[in-house]
Structure formats: structure tokens, C-alpha cells
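Residue numbers (the working numbering), protein chains in the order written: chain A, 1 to 285; chain B, 1 to 298.
Hints were generated in silico from the structure; no laboratory data involved. Check the hints yourself; a few may be wrong.
Below, in silico cross-link-like pairs of lysine to any residue (SDA-like), each with a Cα-Cα straight-line distance of 25 Å or less [said to hold, decoys possible]:
id : chain 1 : residue 1 : chain 2 : residue 2
1  : A       : Lys126    : B       : Pro23
2  : A       : Lys170    : A       : Met214
3  : A       : Lys122    : B       : Ala8
4  : B       : Lys233    : B       : Ala213
5  : A       : Lys132    : B       : His18
6  : A       : Lys15     : B       : Pro271
7  : A       : Lys126    : B       : Arg11
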Amino acid sequence: MPVLVETDALTKRYKNQVVLENVSIAIEEGSIVGLLGPNGAGKSTLIQCILGLLAYEGQCRTLGRDPRRSRHLLMENTTYVPDQLCLPLWLSVEQLLQFMCSIHPRFSESEARRFLNQTEIKGSSKLYKLSKGMLVQLHLALALATDSQLLILDEPTLGLDVTRRKEFWKQIINDYSDGKRTLIIATHLIQEVEHLVSHLILINHGRITLNQSMDSVLEHYQSVLAFPGRAQDLRAMNPVKEQEVFGRTVFLFEGRSPRELAQYGEIHQTHLTDIFEAATQRDPS
Amino acid sequence: MNVTRFAALVRRELWERHWFIRPWLILSCLLVFFGLVGLTLVALFSTTFEIRVQDSVTHPSGAILFLGLGTIFGLILLLRIASYFAHTLHDERMDRSYVFWKSIPVSDTATVGSKVFTGLFVIPVVTWVCLIATSLILLFFLSLATSLLGHNFWGSFWAPGSLISTSLYLAAVFLTLPLWFFPLLAWFLLCSAWSSPRIRKSPLFMALVIPAALLLLEPLLLGTDLFASWLAKLFTPIKLILMHTYNPPHWSYGLTMPVSWLDWARLFTQPELWWGGLIGLIFTALAVYLRHRTESHR
């Protein structure tokens, strides 16, 4: 598969503070990437570097281009929904659709209207009169109506209620993910993307702590519910995480075979949240 | 950059600033209102109502009204363009909408270019349309009022040749004036791109303080007044506008141009205009560079 986004030793500093350090990743075409990390980990900064919105040190190629030099050309094939509301509030919804239609060669007005018809947003409304949730819905409608090769969503469902969130992810799965388009979803709401992503990148304190396909992540990490009296044996095997559940101990192991672990406990499905917690607790140095 | 996209960017500027029409509408309404109040008061309280009208051939009154209002609109136009240039790149950072504008396939050059085009050409045209509409409305009420009072000045007020040539003259003034002031306006644009929203420095403040400091420091430190002389030369057209308002040139009926057209056309032969244009382009290029470097602050 061709690589759409590639960074090599990408570093971002704000004065003396290092926000991203030696980030090297490669994102293949057609993959759905979960870029996960706690608040302030550097997810949004990495995305903005990839899009050429921030200057950086090191190398970065997005869709084969230098994003800092060719941001506007890159955006012909890339859609970005940032984590903070940034739509120009003085526009009306109608004006925004007209503007996008004239500016973006891959924007479909009819598709955007189709998405908006499922909401309570009216075309004549000025954006400053819309609620935060409606603004998020509007921005997502614009994103989904743009036929881009690369869609980057930064905390896309913040501000949406549970029903809207479910609908949004359903639309992403049904309408957008066709195996050719590439998605990067940055979020700290891991449960939402757990069943969606094909590749996982964990970031903490500006460093990549995990960068693997979902399949290999699930092979690599094993969750074991210890048999009564065997918790001590499992503890001796250096688990990456341990927690008490209803009086029994659940361990998370990295790089151990399930057969080896099955002697001491019951193998359970590993959840991304557990891996996330283990990875974020790990010392990044 | 294709024409459709550029037009969309200009239209966006018009939407953001409500077509730049609101202040003109307010000004026009005030002028019409006070004009009507004045006429009513004169009609009510003056027993020997008399209106002196200029000789209708050499100084048609309608054209003089156009010029008078043109002076007011022209001076405000300059302030409005300066204010637009000083705020346009600053505002998009203040409301964070620049992240959205940068996430669409439009280069910084095209964005800044559309703003410069809007300031230099679109705002003057909109202003001119508002000026002509206001002048015609005022002239209509003035003619109606004088008719009701038994005077007939329709010929002097509505001499078509003078009205058309004055309107075209004002169009030329409105389009030339921003070009002449381009170096100063582009400086305002540069300050707009430069001022940081984080420390909330007003771009207009920066745009004025730095030249003021230069005006004070140059004679003190270097013993020269090159900057002051350049500014004095830059503001010459303002004198020209005021002079033509109070000492209007002789008008000829028909579509022949008033003499003052030539004065404005002469601006294009002035090397200052072209040097100023070059300085304006350099400031604009720097504004593009700064917009390119703009980052979201953490």
C-alpha cells in the first residue's frame, strides 16, 4: 500500500518546550488510524504539522508533498476537522455551503445538504446562532461531503450527544470508509474508535509509545483474569498493568504467548483502554 | 488561482463586512434626515425664503452637492479602507477562523490578494454607488422642496451632463485615491498580519505608533525630515479633493470631462505613485509571509 503520510524525526518546539520529539510514523493508504493520547500529549500538534499548519524540525511528507510549502495543494485532497470550533461565525449556513462549493473542487453541496437535512440546522441560520453541538455537526457535514483522499478528525465528537455520536460513527463506517480513503482520528475517547481503527498510534508527552496495526496490537497484548491463588505467579511475569475487579485480579501482559498465560488465568479480550492506560503510564524516556 | 475561486474569496470579504454598506447607509440616512429637517425649518420660519443658486452654466448646483458629499464620503472611504486593512488579518486570528481558512485549498497569497483587491477596488466602488444614491435622493428632496416653495431650480440641479461627469470624476477619485495611498494601506495590512492576538496589541495602534515614532525620531537622530516630506507629499490629494469642493472647476455640459479629471490622471505620471506601489507590494508580500507563518498558539 502506498504511504500517504510519512514523518521522520519530526520535532516541534514552542520556545524551550518540546511538544513533539522525534516522531517517525508512516500511514498507509486505506488505513483508519487511531491517534490516541491523553490531553496535551501532542496529538493536535502532530496533525497540524502533518497539514503544514505548524512549522517543525525533521522531515514530513503528506500525500507526497512538503506540507509546509504546499499546504493549499495538499488541502485539495485532504479534509481537516480541528478540535476547536473555528468556523467563521459571521457566515450563514447557506453562505458557507456556497463558499465551499466555489472553493473546494471535491466538495459536494448535495451531499452536505443530505447530511444537514438529518439535523435541525437551517440554511438561513447564522453560525453564531447555532449551538456548539450544531456547529460540530455542520463542520462534520462539510467534512463528509468532501471527497478527500485523507480525512483528519481531531476530537470529532466533542460537543455531540450520545445519539449524534453513534450516528456520526455509523456514517463514517457506512459512507466514508471504502478501503481507499484514509482516516486519521485523534481522540482520547478510545471506546468510540476501538472497533473502527485498523492502525493504532499512541502518543504521550510528545513521543510515540505505540505504533502498530490493530491486529498486531491485539496479538501483542494479553488480558488475563487470574485463577484464585495464581495472582502471585502472574505478577512475577512482569505485567504492564494490574487491576482488581470484583475481588479478582486482571493483568495485562505485553509480548507473552496466550498459552503460557492460560496456565495461571483466563484469557480475556483485551480492551484498547487497558493498552492505552498501560502505554500512557509507561515512562516515555 | 482561477477567477471563480478569487471571486468567492472577495464575496466572502463582502459577507464578513456586510457588503461594507452599513456605515454608508447610516451616513446617508443621517444626511437625508438632516437635509429634510433643515429644509423644513427654513420653510417654516423664514418669511423671506430665498435660495441662492450658482450660475447654472458654470457652477451647476447638483454637481456641487455631489462634490460636497463626495468629499465627506471620500475622506471616510480612506479611513474605512485603512481600518479594513488594519483588522482583516488580525480578526481571523482573534476568532480562530484562520484555522478553517487554512484548511481549505487556498494559498496565503490568494487570500491576502483577495483582501487587497477588496480594499483597493471593491470598497471604493461600493462607496461610490452609495454616494451617488445618497446624492440623488438629497437632490430630489431639495428640488421638490424648492418647487413647493415656488422656485424652479430643476435645470440647475439636474443638469445631466454635469451630474454624469461629476459622478465619473468622483468614481475616478475614489479609485485613484486608494492606489495613491497604497503604501500606507499596505503598511496597515502588514501590521494586521504582524500584531499578536495573544498579547492583544491593536494593529491600528501599532500601525500609527511606529510612523509617529519615526516622524519624531528622524529629525532628532538624523537631522533629516525625509519621512515627514514623503508623508506630506502622500497627503497632497486630500488637498486636491478639498480644493475642488470649495473652488469647483468650470463645468461644461455634455459628457466632456471637468478639468479636475486631468489632475487625477496626472497622479499616474507621478513617480511617487509607482514607488509607493512598489513599497505597497513589498509590505503585502511581507503580510503574506507572516500569514504563512501564523501558528495556533497553545
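Outcome of the hint check:
1. With a C-alpha separation of about 21 Å, the suggested pairing of Lys126(A) with Pro23(B) holds against the 25 Å cut-off.
2. A hinted pair counts as satisfied when its Cα atoms are at most 25 Å apart, and Lys170(A) with Met214(A) qualifies at roughly 20 Å.
3. A hinted pair counts as satisfied when its Cα atoms are at most 25 Å apart, and Lys122(A) with Ala8(B) qualifies at roughly 22 Å.
4. This hinted pair checks out: Lys233(B) and Ala213(B) have alpha carbons roughly 19 Å apart, not beyond 25 Å.
5. For the given pair, Lys132(A) sits about 24 Å from His18(B) by alpha-carbon distance, which is consistent with the 25 Å threshold.
6. Taking the CA atoms of Lys15(A) and Pro271(B), the gap is near 45 Å; set against the 25 Å cutoff, the hint is violated.
7. Proposed proximity of Lys126(A) and Arg11(B) is supported: the alpha carbons are some 16 Å apart, at most 25 Å.
In summary, the one numbered hint that this structure violates is 6.
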